[in-house]
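S.K.: In terms of the numbering used here, the sequence shown is residues 1 to 297.
Derived from the structure by calculation, the hints contain no laboratory data. Glycine included, each C-beta is placed from N, C-alpha and C at the ideal position. It cannot be assumed that every hint is accurate.
Computed spacing ranges between beta-carbons, pair by pair [unchecked claim]:
| # | residue 1 | residue 2 | range |
| --- | --- | --- | --- |
| 1 | Arg225 | Arg99 | 50 to 58 Å |
| 2 | Val193 | Pro51 | 28 to 36 Å |
| 3 | Ala231 | Gly269 | 25 to 33 Å |
| 4 | Ala112 | Pro230 | 38 to 46 Å |
| 5 | Pro51 | Arg169 | 26 to 34 Å |
| 6 | Ser280 | Ser212 | 17 to 25 Å |
| 7 | Ala75 | Leu205 | 17 to 25 Å |
| 8 | Pro102 | Asp54 | 14 to 22 Å |
| 9 | Arg225 | Gln53 | 30 to 38 Å |
| 10 | Val193 | Thr273 | 45 to 53 Å |
| 11 | Phe226 | Asp54 | 35 to 43 Å |
| 12 | Asp54 | Arg225 | 40 to 48 Å |
| 13 | Gln53 | Glu109 | 17 to 25 Å |
With a straight-line Cα cutoff of 20 Å, these simulated EDC-like cross-link-like pairs (lysine to aspartate or glutamate) come out [said to hold, decoys possible]:
| # | residue 1 | residue 2 |
| --- | --- | --- |
| 14 | Lys119 | Asp105 |
| 15 | Lys119 | Glu109 |
| 16 | Lys119 | Asp155 |
| 17 | Lys237 | Asp224 |
| 18 | Lys119 | Glu103 |
| 19 | Lys275 | Asp155 |
| 20 | Lys237 | Asp216 |
| 21 | Lys119 | Asp104 |
| 22 | Lys275 | Glu30 |
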Amino acid sequence: TPRAADVHRPFMRELVDELISGFAPSGSCEFMAQFADHYPVQVIAHLMGVPRQDHARFARWGDSLTHLLSLELSARLHEVESAQQELFGYLTDLVACRRRQPEDDLVSELIAARDGDDKLDDRELMALLGGLLFAGYDTTRNQLGVALTLFAGRDEEWAELARHPERARLAVDEIMRFASVVSVVPRIVTEDVVVEGYAVPAGTLVSLSLASANRDPAVYPQPDRFATGPAQPERPKNFNGGAHHCLGANLARAEMQEALPRLARAMPGVRVTEKPEWRSPLGGIAGPLQLHLAFGP
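Can you build the whole structure from these sequences, using the hints too?
M.R.: Put into structure tokens, the structure is as follows:
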């Protein structure tokens with residue numbers, strides 16, 4: 001929820017500053033390994049009440065589960081199934097622990113949540129928590145990497161974000177509109193429909209292009225221009241809507257809104273020093289595997 005994301009913003013700020021302090025004095029970093037690999041997963045684990053010593057395990061499971069969206073799933077099936085089993089085993093123990101002794105965390109809140117008089121059962125809880133980890137880790141991790149590639153060389157826009165952190169909301173929306181790490185979403189047609197003269201029968205599996213929707217010239221006046229202000233006519237479609245609305249949307253936005261201005265202040269004049277190595281296009285989620293940056297006056 002928006003409230004839950006806002007409650008944890010102070011932790012996000014502290015974590016961003018802690019991670020930055022590990023590389024800022026050197027004037028360079030490998031951004032994915034030194035920041036993006038750690039920040040989103042530690043936030044989601046903190047939100048759930050997972051002890052810090054287990055955050056690395058959550059990152060490993062999150063890495064494996066991203067292959068659920070990949071065209072390489074068949075080759076990675078054993079890895080994905082193993083990660084699911086380990087994650088759900090961990091969450092089973094965590095839910096049981098919080099049922100015995102609730103704490104001030106998301107797991108305890110969900111256990112107490114009711115829909116009328118009907119509490120969530122353990123299976124529903126684990127599915128929801130697993131979905132939050134899956135949705136809230138790798139997409140945000142890669143979107144942060146993409147954001148730094150977009151701002152590298154755009155010194156004035158980067159400096160403006162450092163001076164005016166309130167502009168982060170618009171900047172995050174524009175980053176996702178211009179270069180979303182998820183460009184296509186699968187859907188099954190529930191009833192016969194005709195789209196611009198093409199008949200699509202019920203039951204058809206279709207791939208919907210977020211990349212195309214986010215650069216629709218009928219909606220965005222300059223669709224191929226990256227500009228962090230003023231606001232675009234519509235927010236990007238990355239988080240979908242209705243029954244498909246992303247569970248982690250508010251958290252992902254909050255994480256990026258807190259991180260980017262602080263990164264901008266700590267990394268003035270950021271630039272890419274080596275050609276980034278990018279994830280396979282078959283992987284379902286785009287983003288740099290490695291991102292070597294330098295910064296400073």
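S.K.: All hints, please: hold or fail.
M.R.: Hints versus structure:
1. Look at Arg225 against Arg99: about 52 Å separates their beta carbons, and that is inside 50 to 58 Å.
2. Take Val193 and Pro51: their Cβ atoms lie about 49 Å apart, and the range 28 to 36 Å is violated.
3. At roughly 27 Å, the beta carbons of Ala231 and Gly269 sit within the given window of 25 to 33 Å.
4. Our hint of 38 to 46 Å for Ala112 and Pro230 holds, since their Cβ atoms are close to 42 Å apart.
5. Between Pro51 and Arg169 the Cβ separation comes to about 32 Å, which falls inside the hinted range of 26 to 34 Å.
6. At about 21 Å, the CB distance of Ser280 to Ser212 agrees with the hint of 17 to 25 Å.
7. Between Ala75 and Leu205 the CB atoms are about 21 Å apart, so this pair conforms to the stated range of 17 to 25 Å.
8. The hinted range of 14 to 22 Å is satisfied by Pro102 and Asp54, whose Cβ atoms lie roughly 19 Å apart.
9. Under the hint 30 to 38 Å, the C-beta atoms of Arg225 and Gln53, about 45 Å apart, miss the expected range.
10. The hinted range of 45 to 53 Å is satisfied by Val193 and Thr273, whose Cβ atoms lie roughly 49 Å apart.
11. Range check, Phe226 to Asp54: Cβ separation about 38 Å, and the 35 to 43 Å hint holds.
12. Restraint check, Asp54 to Arg225: a C-beta distance of roughly 43 Å satisfies the suggested window 40 to 48 Å.
13. For Gln53 and Glu109, the hinted distance range of 17 to 25 Å is satisfied, since their beta carbons lie about 23 Å from each other.
14. A C-alpha spacing of about 17 Å is found between Lys119 and Asp105, which places the hinted pair at or below 20 Å, so the restraint holds.
15. A distance of roughly 11 Å separates the Cα atoms of Lys119 and Glu109; the hinted pair therefore holds under the 20 Å criterion.
16. Proximity of Lys119 to Asp155 is assessed by CA-CA distance (about 51 Å); at most 20 Å being required, the pair is judged violated.
17. The hinted pair formed by Lys237 and Asp224 meets the criterion: a straight-line CA distance of about 16 Å does not exceed 20 Å.
18. A threshold of 20 Å between alpha carbons decides the hint, and for Lys119 with Glu103 the separation of about 18 Å falls inside it, so the pair holds.
19. For the given pair, Lys275 sits about 19 Å from Asp155 by alpha-carbon distance, which is consistent with the 20 Å threshold.
20. For the hint pairing Lys237 with Asp216, the CA-to-CA distance comes to about 11 Å; that is within 20 Å, so the pair holds.
21. With a CA separation close to 18 Å, the supplied pair Lys119 and Asp104 stays within the 20 Å bound.
22. Pair hint Lys275 plus Glu30 holds up; C-alpha atoms about 12 Å apart against a cutoff of 20 Å.
Hint check: violations occur at hints 2, 9 and 16; the rest are consistent with the structure.
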